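Asker: Using the sequences and the accompanying hints, generate a full structural model.
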Amino acid sequence: MLTPEFPTDPAKAFALQRRLAQQVRLEPCPKRVRRIAGCDAALSPDGQEVVGVAVLLDFPDLTVLHHEVRRARLEMPYVPGLLSFREGPALLAAIRALPETPDLLMVDGAGIAHPRRLGIAAHLGVLLDLPSVGAAKSRLCGKDVQPGPLRGESAPLVDRGELVGCILRTRDGVKPLYVSPGHRCDISGAAYWVLACGKGLRLPEPTRWADRLAGEAKRAMGADPHSEDE
DNA sequence: GCGACAG
DNA sequence: ATCTTGTCGC
Numbered sequence: 001m002l003t004p005e006f007p008t009d010p011a012k013a014f015a016l017q018r019r020l021a022q023q024v025r026l027e028p029c030p031k032r033v034r035r036i037a038g039c040d041a042a043l044s045p046d047g048q049e050v051v052g053v054a055v056l057l058d059f060p061d062l063t064v065l066h067h068e069v070r071r072a073r074l075e076m077p078y079v080p081g082l083l084s085f086r087e088g089p090a091l092l093a094a095i096r097a098l099p100e101t102p103d104l105l106m107v108d109g110a111g112i113a114h115p116r117r118l119g120i121a122a123h124l125g126v127l128l129d130l131p132s133v134g135a136a137k138s139r140l141c142g143k144d145v146q147p148g149p150l151r152g153e154s155a156p157l158v159d160r161g162e163l164v165g166c167i168l169r170t171r172d173g174v175k176p177l178y179v180s181p182g183h184r185c186d187i188s189g190a191a192y193w194v195l196a197c198g199k200g201l202r203l204p205e206p207t208r209w210a211d212r213l214a215g216e217a218k219r220a221m222g223a224d225p226h227s228e229d230e
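Residue numbers for the first sequence follow the working numbering, so the first one is 1 and each next one is one higher.
These are calculated hints, taken from the structure and not from any lab test.
Because the structure is a prediction, the values reported are computed rather than measured.
Beta carbons: idealized from backbone N, C-alpha and C, even for Gly.
Treat the hints loosely; a few may be bogus.
Unchecked claim - Keeping only pairs whose Cα atoms sit at most 20 Å apart, straight-line, the calculated PhoX-like set for lysine-lysine is: (1) K143 - K175; (2) K199 - K137; (3) K175 - K199; (4) K137 - K175.
As the list claims (entries may be wrong) - Simulated restraints on C-beta separations: (5) A15 - L43: 33 to 43 Å; (6) A97 - L163: 30 to 40 Å; (7) G200 - A15: 19 to 29 Å; (8) S138 - D186: 21 to 31 Å; (9) P99 - T3: 37 to 47 Å; (10) P60 - R18: 17 to 27 Å; (11) P99 - V145: 37 to 47 Å; (12) P99 - E153: 33 to 43 Å; (13) R219 - G161: 41 to 51 Å; (14) A11 - G200: 43 to 53 Å; (15) L163 - P80: 20 to 30 Å; (16) G148 - D186: 17 to 27 Å; (17) D61 - T101: 14 to 24 Å; (18) D9 - V174: 34 to 44 Å.
Answerer: Here is the structure:
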């Protein structure tokens with residue numbers, strides 16, 4: 001089950017990122033959002049597959065309405081900057097399987113705060129032409145600057161002289177998140193949505209649920225590499 | 001050439 | 001990502 005959408009050859013992946021990065025549109029984030037999809041992935045117990053999860057939450061309730069899980073074989077080793085070519089296939093399938101098209105995607109990973117300005121959040125946003133936000137737990141690029149200690153405080157994330165996102169404190173005194181817009185969104189909007197989706201915990205609800213559900217799906221696999229097909 | 005490096 | 005128990009703090 002090959003995925004021409006995500007080339008396995010690093011050279012082709014780099015070229016594709018540079019091409020898709022030109023399609024990213026930085027603009028004001030939508031204000032009328034009713035449905036948000038949280039996305040995250042985990043590795044199968046045998047490490048041969050990726051388990052992608054897309055959780056649909058409503059806004060502003062932040063209630064979980066639905067979630068989809070999709071698996072995809074790993075064809076490429078992890079290479080910083082090429083994460084979307086590993087998790088992309090499974091996440092894309094999970095998002096497409098949702099009963100409703102979300103108004104916004106919130107992904108565990110980078111948006112444009114990426115060496116070629118196409119982190120997984122931006123990549124998925126462009127492929128689906130949906131507004132997206134990247135909320136990473138650690139830094140991929142840019143200068144690491146510590147924001148104020150209180151929830152809501154932030155510091156600009158600058159990479160090679162370019163403002164690509166912000167380092168946002170989502171919880172008092174806790175390690176900040178590296179937030180950057182994906183597609184059809186901007187830096188302030190990305191930070192706004194991450195905070196608006198937060199309940200005082202470090203991770204915003206969409207990503208927090210996706211992370212938890214991916215972990216459950218992983219455990220449910222136990223030592224059974226496979227049990228069915230699509 | 002030497003580090004840094006989402007998940 | 002993943003390997004992993006208890007422990008400090010609100």
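Asker: Between A11 and G200, is the Cβ distance one that fits in 43 to 53 Å?
Answerer: 44 Å, holds
Asker: Against the 20 Å threshold, does the CA-CA distance of K199 and K137 hold or violate the hint?
Answerer: 17 Å, holds
Asker: Could you say whether the range 17 to 27 Å given as a hint is met by the Cβ separation of G148 and D186?
Answerer: 22 Å, holds
Asker: Does the Cβ-Cβ separation between A15 and L43 fall within 33 to 43 Å?
Answerer: Given range 33 to 43 Å: violated, Cβ gap about 26 Å.
Asker: With respect to the beta-carbon atoms only, verify the hint that A97 and L163 lie 30 to 40 Å apart.
Answerer: Cβ of A97 to Cβ of L163: about 35 Å, so the range 30 to 40 Å holds.
Asker: Below or equal to 20 Å on CA atoms is what counts here, so check K137 against K175.
Answerer: Holds - the C-alpha atoms of K175 and K137 are around 8 Å apart, at most 20 Å.
Asker: Cβ-Cβ distance between P99 and V145: within 37 to 47 Å?
Answerer: 41 Å, holds
Asker: For the pair P99 and T3, does the Cβ-Cβ distance stay inside 37 to 47 Å?
Answerer: 23 Å, violated
Asker: Between P99 and E153, does the C-beta distance stay in 33 to 43 Å?
Answerer: About 37 Å separates the Cβ atoms of P99 and E153, which means 33 to 43 Å holds.
Asker: Just to be careful, I want the Cα atoms of K175 and K199 compared with a cutoff of 20 Å; is the pair within it?
Answerer: 16 Å, holds
Asker: For R219 and G161, compare the CB-CB distance with the range 41 to 51 Å and indicate the outcome.
Answerer: The hinted range 41 to 51 Å holds for R219 and G161, with Cβ atoms some 44 Å apart.
Asker: Check whether the Cα positions of K143 and K175 lie no farther apart than 20 Å.
Answerer: 15 Å, holds
Checked against the numbered hints given earlier, this structure breaks hints 5, 7, 9 and 10; the rest are met.
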